[in-house]
Amino acid sequence: MNDDDLDEMLREAAVPERPQADWDRFPGQVVLRLSSGETRSLRRRFWPLAAAGLATACAGLLLGFALWHRNGFGGPDGTELRDGRMLQALEAEFPGRLQAIIMDARGVRPQLSASSDVSESDPIWLEIREGKERRVVVTFSGQVIRCGGRDVVVLADHDGQVMLLGPGFLWSPQASAGEAEGVEIKAEQLTDRRKDPTKRNSL
Amino acid sequence: MIYSLTYRMSGSARDAEDLAQETFIRAYRHLDSYRGQAKFSSWLYRIALNLCLRWKKAERRRGLADHEWAVFGNVPDFPDQRSERVHLAMAQLTPKQRAAIVLTFYDGLTHAEAGALLGCPEKTLSGRLIAARRRLAELLTPGGTPA
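Quick mapping for you: the protein sequence lines, in order, are chains A and B.
For the first sequence, this note's numbering gives the first residue as 412, with consecutive numbering after it.
For the second sequence, this note's numbering gives the first residue as 22, with consecutive numbering after it.
Please keep in mind that the hints were generated in silico from the structure rather than gathered at the bench.
Mixed in with the good hints, there may be bad ones.
As the list claims (entries may be wrong) - Computed, partial: chain B to chain A, Cβ under 10 Å:
(1) 41
(2) 61
(3) 101
(4) 104
(5) 131
(6) 132
Said to hold, decoys possible - Sample of chain B residues at the chain A side, in silico, Cβ under 10 Å:
(7) 66
(8) 113
(9) 133
(10) 157
Note that this is a predicted model, so its numbers are computed, not measured.
The C-beta atom is built at its ideal place from N, Cα and C for all residues, glycine as well.
Build out the structure end to end from the sequences listed, making use of the hints.
Structural data, given as structure tokens:
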């Protein structure tokens with residue numbers, strides 16, 4: 412068999428297609444595994460390596476701790492959040508399930524819905540300072556986030572005015588009441604570049 | 022893209038899905054290590070590839086993987102016999118040879134890019150590729166015995 416014949420055979424070898432239902436189920440299964448706290452379903456196949464892995468992990472943790480101490484916290488500077496790449500990438504991977512992206516001292520993490528029920532709307536940028544803690548949250552109108560030690564709903568009206576509302580908590584750019592008085596919040600509704608890719612905004 | 026990679030590397034629909042799910046879970050947990058220097062999809066691809074290579078290594082240590090891959094690996098319905106023959110021939114390659122084929126042939130990476138992803142020099146990658154192609158040519162020549 413010459414190179415051309417081999418190339419042709421390889422090129423024509425298709426990966427067996429999976430039913431669409433499998434793909435529809437896929438994001439839900441990922442979210443389920445995440446919410447159940449499962450680290451890996453492959454665990455059962457890796458268990459013989461657990462002892463060796465543990466030793467390596469301990470060495471890695473020690474090294475990581477030493478480097479962390481030397482370099483300080485190496486979290487992202489929020490560039491990927493600001494330019495919208497992370498939002499777009501995560502929405503593409505988890506369509507209809509991305510509730511928020513949260514960036515704080517622990518790093519960046521998405522908040523995902525168990526079902527694909529997150530409606531598409533313009534993203535909202537929130538910068539929240541509570542005491543010494545600073546968080547940036549990119550979310551959407553109607554989503555619930557933690558703020559002031561409680562769950563609050565993020566709302567935006569047609570004019571782009573943002574409001575945070577929860578039990579004993581009311582915040583808007585003009586006024587705040589209840590627990591919101593102890594929290595410093597900056598909010599901005601951002602134009603969604605998914606709808607007009609030529610527009611640039613601060614996301 | 023991720024599923025194609027995990028399928029071609031694992032040879033099993035069940036494991037490919039498991040590995041694809043694990044890829045997204047790893048990405049979720051380590052999102053703060055994504056620096057935006059590469060495309061998000063490339064970052065995911067790298068996670069998936071590393072998982073596949075580690076998975077293969079663990080399976081091989083148990084001495085079951087390739088046997089299961091080729092014989093019991095819940096072989097799905099292939100669109101044609103030719104695809105199935107290639108699937109079985111790929112099973113005869115070492116994981117590193119298989120990765121070289123998948124990255125360069127199916128995903129169009131240069132030898133240098135594939136070498137960088139696999140953590141080996143370009144020449145090493147080229148050597149693996151030559152060996153993999155030679156083996157595949159033997160196995161896929163009529164009269165070859167892939168399984």
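Evaluated hints:
1. Taking 10 Å as the C-beta contact cut-off toward chain A, the hint placing residue 41(B) at the interface holds, the least distance being around 7 Å.
2. Given hint, residue 61(B) at the interface with chain A, holds; its Cβ is 3 Å from that chain's nearest Cβ, closer than 10 Å.
3. Given hint, residue 101(B) at the interface with chain A, holds; its Cβ is 8 Å from that chain's nearest Cβ, closer than 10 Å.
4. With a cut of 10 Å, the hint placing residue 104(B) at the interface with chain A holds, because the nearest CB-to-CB distance is about 4 Å.
5. A least Cβ separation of about 16 Å between residue 131(B) and chain A goes past the 10 Å threshold, and the interface hint is therefore violated.
6. This hint is violated: residue 132(B) has a C-beta 16 Å from the nearest C-beta of chain A, more than the 10 Å allowed.
7. Look at residue 66(B): its Cβ only gets to about 13 Å from chain A, farther than 10 Å, so that hint breaks.
8. Hint on residue 113(B) is violated. Least Cβ distance to chain A is approximately 14 Å, over the 10 Å limit.
9. With its C-beta approaching chain A no nearer than about 20 Å, residue 133(B) sits outside the 10 Å limit, and its interface hint is violated.
10. Look at residue 157(B): its Cβ gets to within about 6 Å of chain A, closer than 10 Å, so that hint holds up.
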